[in-house]
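Taken in order, these protein sequences are the chains called E and G. My numbering puts the first residue of the first sequence at 1, with every later residue one more than the last. My numbering puts the first residue of the second sequence at 505, with every later residue one more than the last.
Hints are not guaranteed to be accurate.
Cross-link-like lysine-lysine pairs, in silico, DSSO-like; alpha carbons within 27 angstroms at most [said to hold, decoys possible]: (1) G:LYS805 with E:LYS67; (2) G:LYS828 with G:LYS624; (3) E:LYS67 with G:LYS828; (4) G:LYS591 with G:LYS547; (5) G:LYS547 with G:LYS805; (6) E:LYS67 with G:LYS547; (7) G:LYS565 with G:LYS659; (8) G:LYS878 with G:LYS805; (9) G:LYS880 with G:LYS828.
Calculated directly from the structure, the hints in this document are not laboratory data.
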Amino acid sequence: MKPQLAAILLFLVCLPLGLLVWLGEERTRGEQERARASLEGLLEDRLLEVYETLSGSVRMVENHLTKVLQANLSTPRAQARIEPMIRHMIQGTTAGDLVFPLREAATDAEEALYRRLDLSAALKQLGRSTGEQGEASSDRGWHTWYHGHGRNFLYWWRNRQEIRACEVNRMAFLSHLIAALPTDALENGRIALLDESAQPIYQWGSFEPAPAMLPVVTRQAPAPLDSWRLAYFLAPDLVSPSRSNQATIFTAMLYGLAACILLLGGYFYWANARELREASQRVSFVNQVSHELKTPLTNIRMYAELAESKITPEDDDARACLDVVVAESGRLSRLIQNVLTFATQQRGGAKLHPTSVSPDDVIRGVLESFGPALEQASMIPSHQGDSTATMRIDRDVLEQILSNLVSNVLKYASEGAFLRITSTQAANRLTVTVIDQGPGIPSRWRSRIFAPFVRMSDRITEGAAGTGIGLTIARDLARAHGGDLVLEETDKGATFTLTLTACS
Amino acid sequence: MKMPLIAIITGAVTLLLSGAQADSKKLTLTCQAAYPAVLAGEKHTNYLKVGLTGFERPSEKERSPVNIALVLDRSGSMAGAKLTQAKEAARMAVRMLHPDDIFSFVTYDSTVQVVVPATKVSQSDEILRAIAEIDARGNTALFGGVSKGVAEVQKFLSTERVNSVILLSDGIANVGPSSSEELAELGRSLIKQGITVTTLGLGLNYNEDLMTALADKSDGIHRFIQEPQQLVTFFEEEFGNVMNVVAQQVDILIECGPEVRPVRVVGREAEIVGQTVRLRLNQIYSKEEKYTLLEVELPNKSIGHRLDLANVTVTYENLATNSKDVSESSSQCRYVANQKEVDLAMNKEALLAAVTQIATETNRQALSLFDQGKTKEAIDLQNANLGYIQSNEMSLSDFAGFGQISGINLIGRNLMSDNASNQQSAEWKKGRKALRDYQNNASISQNTWNLDDLQPRASESKALSPQPKK
């Protein structure tokens, strides 16, 4: 196949194909994004519920601790001893001075508290944050700091005179929070409360995320746990869920269409290639047959001419018969020659064998060889020769071109009963025109008559035998000989102009 | 003359003797000084043993109702014989329960499952079915599991039931808080609520520090169970222990005499403010003694001086009478002229308690040094510990408990020397777990301890047969 044709075919297939695929992907992505957005919304709602649960638990603890702190704290140690959520009680003035526990009277456990937290500094900070503007915006709250394994919590309450606080037992606090959180209630999901280093503190749900997996959505835990995060993990096949039915059908249709185009393109390519292969095989076959025919034909012609010379002049009937044999075998020779020339050209061009000849002699010879046939068609050829000087051209080439042109006139334009051949020489150039007054060639065929195997499907060609390669061969030969063969524009009939350049 | 003197020498002033009928349902409180007589003209360190013995239950059937959460590790490592045995243990537990008991069952892997929420044990078939369906998988969310177990116990928290969580695990905790400090903190909160955690460590790969910390601080027992085959037996014992509890939320208040300085309580956490010492024990078992050892500093006095050492007040929830009871006791000490009188007056039981607690505390320190890589210091300290134990041999060699304490510390020393360079060996893993088991036992349950557990391999066949702690 010609590269341009293949490229065009490829382009024709690929363009709609690419377009369809792009359209399909675009739609799929849009669908997935929508699905993901709605999924994230759902998951965020779930995390919000968990957040509310946690806030509720925290509020319960806050209320309880506030009650403890507001009670008369005459025996802070006794309070700390019985409160599971409290490690130590702390008391100070709003000015930030520590009242309890004083270091000089501290128990071992309180000594440890001093090591965990700078009590005076913490109290001063609480005093400052609430004291200045008279009535503070809040009279209770959390104070957190890092020590040991993670975050530590202090809950404080104040009135006009004093600040009371308690160090919260982190583990009791956490245990209390966990008690309110669900156990396994999620299918294919996992909600986790993650600490500062994204390690799970507590989690539920049957899905086990891979170690480095990122959650689909996260949410900051409520204060004072705000350095922790709630995270929702989901199995990857749920995150990019299967599209809705409609979208699936649409996408399937798009891809089906794309597949059809691809198949069609493939079929065309294959059919074309097969046709080309078959044509080439046909030519090759015809070529071989033609070679086989050539030898017996040459013998037939030779012996027919021999027989003609031996016939007595009186035997007119026999002579007429032999004339037909000679003429027909001459025609057959030309046909075979045409086929062989075409095959040669298909294989890479004919080789010229120039000799010094007079073009007019050649033209006359051709007309003579067509004599009986022309006579039978009631045509009287006229030769207006002006090229008698010899020039170096391939005699066989000129003969074959002219034979093909005259043969065409005989076949298609015999009704015009007119054939004129003119020839002129200029420098090393020979110009020959072959003019008939037949039906002519319609303009729409003009550009195509030189293509191989083209025969006008017209009434002109009806009943006329032909191979469809005559003109092709004629023009190719002319071009190989440094000239050309063109069809002139005429009002009536057809005029072919042949130019040849003499060989150096 | 001699009889009243001996009465004073023993130092045990038992106020429980009055009203024998009512007192059969009360704890027996003893307050004994290791040295009821001390040399005059010197300052002294003395030890005060405050012992509490549970009364005998009227009959085996009339035990205290329990409120138990069983928390079972079902992480991947439990697969196979361990889980099979654990499930068998759980089934046995359910069969031991009475209709009035409250039982809950929590399992954990990466997440926590409340298999049986706290409920009265009337539908035991359903519970058994739920237990049968458990399989092993995933990670170890120990903290979450314990938290949920505690939450189930809290639903029916009452002074009329024994409130207990029994944790069975073979692995380290790797989801949620997982350090021994953090679990200790949880334990400190639980003891305030009267909830005890019994921890059962299975195999050689669990975190014994974490498991003992949780048990120690909640006044619970920790046990090292080396082989799955031992599990059912050990579990039965500990489950039996919980059912054997006759008093809980036992608050001990020790008020030292004006000239007596309380130094420390050895083996337990206590609050010492001025002359006052407070601490809590969570559970007292029937017919078994639990004690607290207080180290005190005595002033220099002249011969014949009598010193009030301490008054002890114990308040507790009596599970037999469902009332809050109080017991009181006190202890005195006198100053004598010579060592012979001191030796004669010596209270060997109290001294054994002192030696046990001090040697155990030193053993803890040695193990801590060993963990820090200070193997030489650790072994030196453990050798010094053995020296300290040996120095009391004359006085205490008659006691089986003394032989044990010296034996265990000797084995502990040898384990440290043998494994100074390789702390990953199975022998060390096993030995370390046995040491932790021993430390917990010495401080918390104070039972006679099975020495065989510490022996490497050779004693394995023995360990397979049931060997009750007591």
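Hints versus structure:
no. : hint                   : verdict
1   : G:LYS805 with E:LYS67  : violated (49 angstroms)
2   : G:LYS828 with G:LYS624 : holds (25 angstroms)
3   : E:LYS67 with G:LYS828  : holds (26 angstroms)
4   : G:LYS591 with G:LYS547 : violated (57 angstroms)
5   : G:LYS547 with G:LYS805 : holds (8 angstroms)
6   : E:LYS67 with G:LYS547  : violated (47 angstroms)
7   : G:LYS565 with G:LYS659 : holds (25 angstroms)
8   : G:LYS878 with G:LYS805 : violated (42 angstroms)
9   : G:LYS880 with G:LYS828 : violated (50 angstroms)
Violated hints, in rising order: 1, 4, 6, 8 and 9; the structure is consistent with all others.
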